[in-house]
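**Student:** Sequence:
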Amino acid sequence: MKISQVDKQKLTPLLEELSKAIEDLLLTGLTTASDSTRQTLNVSFQEASRLGLLRLGSTLRVACEELTRYTKNQQDFSRQRFAFFLNRAWLITRGLSIALKEGNDAEFERLSWTPSSTPVGRLEVICLGVSKKVVPNTFCAFDFRLRVLSSDSADVPVGQKLIWSSVFPIKPDSAVPAEGYLHLPQKQKFKAIQFMQGKRITVTDAGVTIEKSGAGRLSLHEKSTVTQGAVFDDWTQYTTSWEPIAALSRLQSYPPGPLDLDIELQEEIVLQDWQIQLPIEDGKDLKHTYPIVYKNVVLRGVVPKGIDGVELDETLHKLLTAKVPPPMFGLLHYERCRLTLQPLSIFGGKGPEYMNISDKSVDPAALLKVLKF
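For the sequence shown, numbering that gives the first Met the number 0 begins at 0 and goes up steadily by one.
None of these hints come from the bench; they were simulated from the model.
Since we're looking at a predicted model, the values are computed, not measured.
Don't take each hint at face value.
[Stated by the list, open to error] When the alpha-carbon atoms are kept at most 25 Å apart in a straight line, the in silico DMTMM-like pairs for lysine to aspartate or glutamate are as follows: (1) K317 with D261; (2) K222 with E123; (3) K286 with E334; (4) K186 with D362; (5) K286 with E352; (6) K7 with E106; (7) K190 with E123.
Produce the entire structure from the sequences given, and follow the hints as far as they go.
**Tutor:** If you want it as structure tokens, here you go:
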């Protein structure tokens, strides 16, 4: 994103106000944080996202989540996480403000982290895995990990990794589980659950943004269409096993920067001939991990302790007794110099089985109430 593409009259005061709010919060401490300060952070997060400042928006989102946990005295509030993301938000805010004043396009583009979108007339995809995040009484979010089967754009070739995200607000005290929201109709008149039924999915009139990791983000527009096709049965082509040596080479060649996050080095991997061990409590992280051994490398199979980790915990526990575990697809990143794996699916005879998604039926009456929300 170039400076010429933003509204300087709106962005300049927003950055100044945000910078001051963060400084006030750091100087006075959380216990004296005023409602206006919290409101400023929340409004800034929404405005940054609306203006397309992805790096600032995502950083503020996490900081706001932790601030909410603190004010509600929730057990999973993390001081370390809150301090890290609040300071990171200040660095990005000050950097953007300086770049804006100096007219430094290169620095502004680096800090805003908003790559351009490529229009795609038609593409066909299948879904390999789904990640789930649930914040009770607030929202649930799903990231669908896709592969391109065909495309009419040279910039989105066959085999391209894509991510499509869907976020649903949760009605307070709703009886509908997170998976129930996947059955709600989208604006484009399809349901997110259709991505998970082992069939080809055709998408038209959409946009794809290629991130620096090489993965792309699929964006649906008002005129986009999403339709199901035939059952896909050639899943073996996506079960090539991960090579630790190749990953090490990528790490050694990566130039780290002060704004990088561990999660930004995330990659999709498949493990074959792996072993799983009994889970270990992970202390202050409020999660526990299953050691997963693969080619003499030990990965931390992370399971959140909240409601978004129940299904994954049950699935991994069942695999403890498997003589030969099936190929597993997941997300690998490097956290505090540890190989951290988020398992997403295992490949059975009929394709991927989504490890963290419940297959329990949803109460139609409860779902109807959500539609009226």
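**Student:** All the hints need checking, so say for each whether the structure fits it.
**Tutor:** Taking the hints in turn, this is what the structure says about them:
1. K317 with D261: violated (30 Å)
2. K222 with E123: holds (17 Å)
3. K286 with E334: With a Cα-Cα distance of about 14 Å, the restraint between K286 and E334 holds, given a limit of 25 Å.
4. K186 with D362: Distance of about 22 Å is within 25 Å: holds.
5. K286 with E352: holds (23 Å)
6. K7 with E106: The hint holds at about 16 Å.
7. K190 with E123: Distance of about 16 Å is within 25 Å: holds.
Hint violations for this structure: number 1 only, all remaining hints satisfied.
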